[in-house]
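Residue numbers (the numbering used here), protein chains in the order written: chain A, 1 to 160; chain B, 161 to 356.
Worth double-checking, as some hints may not be accurate.
Stated by the list, open to error - Computed cross-link-like contacts, DSS-like style, restricted to lysine-lysine with a CA-CA straight-line distance of at most 25 Å:
hint : chain 1 : residue 1 : chain 2 : residue 2
1    : B       : Lys231    : B       : Lys282
2    : A       : Lys63     : B       : Lys317
3    : A       : Lys39     : A       : Lys21
4    : A       : Lys39     : B       : Lys352
5    : A       : Lys59     : A       : Lys112
6    : A       : Lys71     : A       : Lys121
7    : B       : Lys231    : B       : Lys352
8    : A       : Lys39     : B       : Lys201
9    : B       : Lys169    : B       : Lys250
10   : A       : Lys16     : A       : Lys39
11   : A       : Lys16     : A       : Lys63
12   : B       : Lys282    : A       : Lys63
13   : A       : Lys59     : B       : Lys250
14   : B       : Lys352    : B       : Lys317
15   : A       : Lys59     : B       : Lys282
16   : A       : Lys112    : A       : Lys39
17   : B       : Lys282    : B       : Lys250
18   : A       : Lys39     : B       : Lys169
19   : A       : Lys112    : A       : Lys16
20   : B       : Lys169    : B       : Lys201
21   : A       : Lys21     : A       : Lys112
22   : A       : Lys71     : B       : Lys352
23   : B       : Lys341    : B       : Lys201
24   : A       : Lys39     : A       : Lys121
No lab work stands behind these hints, which were simulated from the structure alone.
Keep in mind the model is a prediction, meaning the values are calculated, not measured.
Residues per chain, in single letters:
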Amino acid sequence: MINGMMHEHISQFMSKHRLPKGLRLFVVRGDGLLVWDGKPDNQSQALAALCSGVWEASKAMAKAAGQVDVKDFRFVFDSTDHGVLIFPVDGEGQGFHLAAIYEGCVNPALLKRQVHSLGGKLAQYVRQLPKQTRVFNQPQREGYLFSDISDDEMDRLFGI
Amino acid sequence: MSFVNYHTKEINCKIVYYGPGLGGKTTNIQWIYQKTSAGNKGQMVSLNTENERTLFFDFLPLDLGEIRGFKTRFHLYTVPGQVFYEASRKLILRGVDGLVFVADSQVERMEANMESLESLEKNLAAQGYEAGRVPTVMQWNKRDLPNIVPTMDLSNKLNPRRLPEFEAVAFQGEGVFETLKTISKMVLLNIKGGLE
């Protein structure tokens, strides 16, 4: 996970909400970095990248159709009982997405409403967190993280 | 995009493989995927057309080891090379930390290489980047083919800034990891934000 503190906060938040069965929820930063995944596995990061890609592509299409403000938009790709939902969540300063993949759902309309409402509560929760923990972006620091890296260190990084 | 998590000591970076269509960008990523142990990679995603051309992007998350206590994670993306996917290329460049320009060494592809390089600079500018400030490595791919441009000419025409360059035969893995290692190092050295 990209941000330990945010991950913990979101885990805490999710644990207080009863989520429908057959639902996989994840939280993704606008640029495709995974923040939290309810069922992490080796697909998690790929799903996060896809979520962000789908959102950006949809946004570009909406803008081509003259929609400049898309903050109330959502992405829905579904069939009768399974599908994908992406909702933008305004985390104050840093946009992120709450994405859901569901299957075997008896009442998809209700589920969409639940996920949408959860996104709203999550945004509110994030905004109430102390500022230093509410970081989807890294804090601004001076200078560079590494002043030098040797070729040996790079070889070790790549397992050579 | 580069994200340093000082709390969990993790670094996340985005590297984009850019270049003309059929130049070997996806082949680079596929080779890296094949040769990386299961524990160090996530699922590779390829959004292709029916005839296996990249439609939107390829994506490969790589969890490498640690460097000075920081766990490093590289997200590798390729752009679709075909000319009409300009909008997709623009989107994928968002948040880029490092670039690999994969040029096709064949004589008849020089024009396509130059067009692609021009489009890269234009798209970087559209995203608010200055081409010279984004760590970039040049790869001259398909060096095994008979009708290729000498590397000196490729350098003169495509690499006026004298960026690091590598010869490659991506489908055989030649030059693939050398390119990746160099761009990774350049990206890591470019990460802003010193330790407090």
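If you draw a straight line from the CA of Lys282/B to the CA of Lys250/B, is it 25 Å or shorter?
This hinted pair holds, its Cα atoms lying about 9 Å apart.
For Lys341/B and Lys201/B, compute the direct alpha-carbon distance and say whether it is at most 25 Å.
Holds, at roughly 16 Å.
Given the hint that Lys352/B pairs with Lys317/B, does the C-alpha gap stay at or below 25 Å?
This hinted pair is violated, its Cα atoms lying about 31 Å apart.
Given the hinted pair Lys39/A and Lys121/A, is their alpha-carbon gap at most 25 Å?
holds (20 Å)
Are Lys231/B and Lys282/B close enough, with their CA atoms no more than 25 Å apart?
violated (33 Å)
Please verify whether Lys71/A and Lys121/A have alpha carbons no more than 25 Å apart.
holds (16 Å)
Lys21/A paired with Lys112/A [C-alpha distance capped at 25 Å]
At roughly 13 Å apart (the allowed maximum being 25 Å), Lys112/A and Lys21/A satisfy the hint.
Given the hint that Lys71/A pairs with Lys352/B, test it: the Cα-Cα distance must not exceed 25 Å.
Outside the cut-off at roughly 30 Å; violated.
Please work out if Lys282/B and Lys63/A have their alpha carbons no farther apart than 25 Å.
holds (20 Å)
Need the status of pair Lys231/B, Lys352/B: alpha-carbon distance at most 25 Å?
With Cα atoms ~16 Å apart, Lys231/B and Lys352/B stay inside 25 Å; holds.
For Lys112/A and Lys16/A, compute the direct alpha-carbon distance and say whether it is at most 25 Å.
Holds - the C-alpha atoms of Lys16/A and Lys112/A are around 19 Å apart, at most 25 Å.
Between the alpha carbons of Lys63/A and Lys317/B, is the straight-line distance 25 Å or under?
violated (37 Å)
The structure is inconsistent with the numbered hints 1, 2, 4, 9, 11, 14 and 22, although it conforms to all the rest.
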